[in-house]
Every structure is written in C-alpha cells, then in structure tokens.
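Could you put together the complete structure from these sequences and hints?
Going by the numbering used here, 137 is the number at position 135 of the sequence shown; the sequence numbering is gapless.
Calculated directly from the structure, the hints in this document are not laboratory data.
The C-beta atom is built at its ideal place from N, Cα and C for all residues, glycine as well.
Hints are all accurate, no fakes.
Once the Cα atoms are required to be at most 20 Å apart in a straight line, the calculated EDC-like pairs of lysine to aspartate or glutamate come out as: (1) Lys24 <-> Glu89; (2) Lys50 <-> Asp23; (3) Lys122 <-> Glu12; (4) Lys24 <-> Glu108; (5) Lys50 <-> Glu40; (6) Lys81 <-> Glu69; (7) Lys72 <-> Glu108; (8) Lys50 <-> Glu12; (9) Lys131 <-> Glu145; (10) Lys81 <-> Glu108; (11) Lys72 <-> Glu84; (12) Lys143 <-> Glu40; (13) Lys74 <-> Glu84; (14) Lys74 <-> Asp104; (15) Lys24 <-> Glu12; (16) Lys143 <-> Glu12; (17) Lys81 <-> Asp104.
Computed beta-carbon distance windows for the label pairs: (18) Leu47 <-> Arg146: 19 to 29 Å; (19) Lys122 <-> Arg44: 17 to 27 Å; (20) Ile7 <-> Ile153: 20 to 30 Å; (21) Ile153 <-> Gln103: 46 to 56 Å.
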Amino acid sequence: KDIIITAPAEASVHLGATLGDKFSIIVGRDKWIPQMRELVNRYGLLSKLASFRSIGLGVLDFHKNEEKTKNKIRAEIAKAIERDRAEVIILGCTMQFGFFQDLQNEFGVPVIDSMLAAMKYAEYLLEVKQKTGWHISRRAKYERPPTQEMISWGLI
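Set out below in structure tokens:
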C-alpha cells in the first residue's frame with residue numbers, strides 16, 4: 003500500500019511535457035523506437051513528442067568511448083532542436099546516465115537523464131503522498147487482488 007513505483011520512461015516523459023511544449027527522445031538503436039512510442043502513447047503524451055532520434059549504439063557501447071557517445075548524442079540533439087522543434091531532450095536509455103549536464107549547458111534546453119528523472123519523480127510522489135495523502139488509485143487498474151488470493155500465492 004505504501005510503495006511508490008515509477009519507471010524511467012514514465013518519469014522522463016511527464017517531466018519533458020511539463021518543462022516544454024515538445025520533447026525529443028534520444029535512443030540507442032532504431033529498434034527501441036516502436037516500444038518507446040507505445041509507452042509515450044500509453045502515458046497520453048504522444049501529442050508532446052517532437053521526435054525520436056537514434057544514435058546507433060547498443061547498451062554495451064555507451065561507456066566504451068564516452069566522447070564518441072557524447073558526439074553522437076550532440077548531433078542528434080542538434081537535429082531534434084533545429085529540425086523537429088524540440089524544447090526538451092530526453093536521454094531515453096538508462097545507459098546514457100551521466101551525460102545530461104554538459105549537453106544541457108551546451109544546448110540551453112532541459113536535457114533529462116532518465117535515471118535521475120525516475121529517482122526524482124519517485125521522491126516527488128513520496129513527498130506528495132506524505133504531505134497530502136494522495137496515492138495510486140486502487141479503484142480499477144491498480145485494484146488489489148482479494149486477500150485470500152494473495153495468501154494462497156504466499157504473498158502475505
């Protein structure tokens with residue numbers, strides 16, 4: 003009941019939609035775009051999406067040569083801002099952790115690190131719950147299973 007749950011994509015797109023009119027998401031590979039688009043749609047923010055931009059790197063490649071990675075990210079951020087009119091950039095892969103500050107300073111727009119976004123969003127949700135009592139609704143989608151069912155599964 004007291005648990006706070008969020009995810010990097012969820013936190014990042016909500017922040018992105020708040021910090022600007024349109025956001026672009028930088029992903030590692032093209033193959034990740036359809037799944038990310040589905041998430042943005044599920045969160046109700048497809049109208050805020052300016053674009054996806056892929057840097058053509060797999061998860062294991064991001065920190066092999068960080069300068070090369072930053073240069074690839076820089077090139078796609080420039081395109082997202084100039085061509086796609088993005089006002090906020092989301093680093094869509096959690097392996098892009100640690101790159102946001104330099105990029106944000108360079109481009110003058112918010113650059114959201116998805117790992118930090120998830121942590122800060124969870125902190126925010128916890129504080130909101132503590133100060134207001136607001137919490138995840140259990141009315142429909144997040145309705146708890148019956149107690150007997152949870153007991154039979156050994157969950158409580």
